[in-house]
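Read top to bottom, the protein sequences are chains Y and P.
FYI, this note's numbering numbers position 60 of the first sequence as 60, with every residue one higher than the one before it.
FYI, this note's numbering numbers position 129 of the second sequence as 129, with every residue one higher than the one before it.
To be clear, the hints were calculated from the coordinates, so they are not data collected in a lab.
One or more hints might be untrue.
[To be verified] Here are some, though not all, of the chain Y residues that point toward chain P, as calculated from beta-carbon distances under 8 angstroms:
1. Arg35
2. Leu67
3. Arg91
4. Gln92
5. Met96
6. Phe98
7. Gln100
8. Asn102
9. Phe104
10. His106
11. Leu110
12. Leu115
The C-beta atom is built at its ideal place from N, Cα and C for all residues, glycine as well.
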Amino acid sequence: MTEEQRQSEQEETFSSVSLATRDIHLAFGDNRVLRGVDLDVEKGRTACVIGPSGSGKSTFLRTINRLIEPDKGDVLLDGVSVLDRDPDRLRQQVGMVFQQFNLFPHMNVLRNLMLPLRRIRKLSADEAEQEARHQLELVGLADKAGSRPGHLSGGQQQRVAIARALAMRPQVMLFDEATSALDPELVKGVLSLMADLSKQGMTMVVVTHEMGFAREASDVVVFLDQGVAVESGPPEKIFDAPDSPRLRQFLSDVL
Amino acid sequence: MDQLTTLWDTFFNWQSMRQALPDMLKTGLPNTLILSIISALIGTVLGMLLAMAGTSRHRWLRWPARVYTDIFRGLPAVVTILLIGVGLSQIGMKVWGPNPYPLGILALSLIATAYIGEIFRSGIQSVDPGQLEGSRALGFSYSAAMLLVIIPQGIRRVLPAWVNQLIALIKDSSLVYFLGLAAGQRELFRIGQDAAANTGNESALLLAGIFYLVLTVPLTHFVNFVDHRLRQGRRTRTGPPNADEVLMVAGETPLPATSEGTK
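One chain only, chain P, in its complex shape:
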């Protein structure tokens, strides 16, 4: 019984949680959000450019995109963060002083770029080649066809995978603690970890975990919602027409699947 109480106290010591809560809300949560949101924005923009380079007709664009992706997707996140955050800290010191955030955000963005670039690339390449041919036949240039027709369709398909990557980014933002954070720079994990070390139980770390779940679980459900919407859209598209459509097209029945619909 004593052991059970100790175990319970390790994770659910309300006193420890209550003590850590103000720091988490005032410092940890905003810092985690700053790290994740800025990295997500940069990673998405650069990922888009990387995907465009990766699907380019020119080898001198495709090849560097490939190498970039292989490197930043292949390295453990913590290695990239340390290499950039510590390796470039001398330069960083001159530009913005002893703040690890810019380099931390840079490292997180570069990692996110590699993954998001791959996600967008696979989406773009999944679009039926007939779409490009059809656009070119109307008189669109290659780049106009890509920008106006192909990329919008490709991105739409991989939105769920993109949101998954944002979830990964929120979690990975905890790794910037490796760069050394001043009290006010600590994010959720670091505050939980510090409090756990001070109190001798893991309750504050558990609280940090709950904060992460509060951020990521809704996103997970948002992915499912988007995914469901996309699937449903496809299903109704190939389903039977509604009544007035039947009257209108008397004698015509919809095809079971179009080239777009089967993808």
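Same shape as in the complex, but just chain Y:
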């Protein structure tokens, strides 16, 4: 398959766009969590954000969809600043998956997907159900439509959460340590689903401790430490020839 064919097939799957952050700053009181973070993810590419605990990775991710408003800086979707947009509209276009899944425990899987489809995408009940079942099928959980989230394994819950986010037809997907709360044997299924999305051309920003995933599935890796993007580049460069001593230290700690 040529690059062009791959490109056109991607466009059919997702209407993803490029994402960039410019000089994101954020402080909680005296604690300067983010100190000028820049990130560039081309349309359909995957960026992994790695770094030690408390480096600001998850906070940074939340500034992208404005769950946390940055003190300074800008986020660009397809080259256009998101700061002027209605945050609720923005978040429909930027899907997010959390460490703790955040499925709604009081409704079954199908209703978890249908609620935002009906209320936000304003689909009719029939359309919403059709779309919800379709998305569940894509993550291999069509048979779990009637189950409560609490009856599913962590891996299944996370796949439902991904399906729920994808049902909103996002242009970008954010993953916040999506596999950190999972038992080791469940991690693989979720990571392979994420890798599939990446291959199908979703623009993704993935905060992760899974160095294997960062190396294999990402186009660019950003090493965040103390609120600064210390080093970024293609995975081969970051993992095999790190420049900064801090990154070298981090890699020797985790690998």
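Starting from the known structure of chain Y, arrange chain P on it as the hints suggest.
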């Protein structure tokens, strides 16, 4: 032996009970139910609004909710009932005549609102903050997320406490007798008390007590049932999957607890 007979007669004089029974059934029971049910409905609706104000992001909503709760939860019920029932009776007289019920119900409702509001507030605030974040991340506005996701979960958790409050309300409805009741307005307690005064023994009051128990004990058991159901639901949720689920997810085991499950 004589003393024992007298003691027995004080509480279990069947004749006194039989005399009071028709009034209790025809007048007392319906009136107690009217007072409790209407107050419960108003108290639940206003309590919901109070809880929403109390968990609001805006200080000018949270602060009045706090003050309201402190006042009506802090006053003895009888003080509130007298202040409102007697204090406002002149206005009440003009609007609906010499009937103490509207003001009695108002006072009971305002008290119930404070307690029920606190119950709902604690339920709403016990919901994992990740639920709000997850809803917002999908594109729900703050108010939509609260109404569709957070509040339904919060309320569910505190249903047992809410039913307890209904029990308290049934008992407190007896306090409206302080406002002065005409014969046909008397509720269970007042009828029992009047009959006890007339007969010189407490049997009719005991009968009134039995009526209250008939209303409240089933509710108590209903609370336990609801509570048990909620707990059991949680237990099965974190328990082992059933056989076909094991086959389906070969290699995957359920997490011992999710963020929701541990709450």
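Hints versus structure:
no., hint, result
1, Arg35, "24 angstroms, violated"
2, Leu67, "6 angstroms, holds"
3, Arg91, "5 angstroms, holds"
4, Gln92, "4 angstroms, holds"
5, Met96, "4 angstroms, holds"
6, Phe98, "6 angstroms, holds"
7, Gln100, "4 angstroms, holds"
8, Asn102, "3 angstroms, holds"
9, Phe104, "6 angstroms, holds"
10, His106, "5 angstroms, holds"
11, Leu110, "16 angstroms, violated"
12, Leu115, "6 angstroms, holds"
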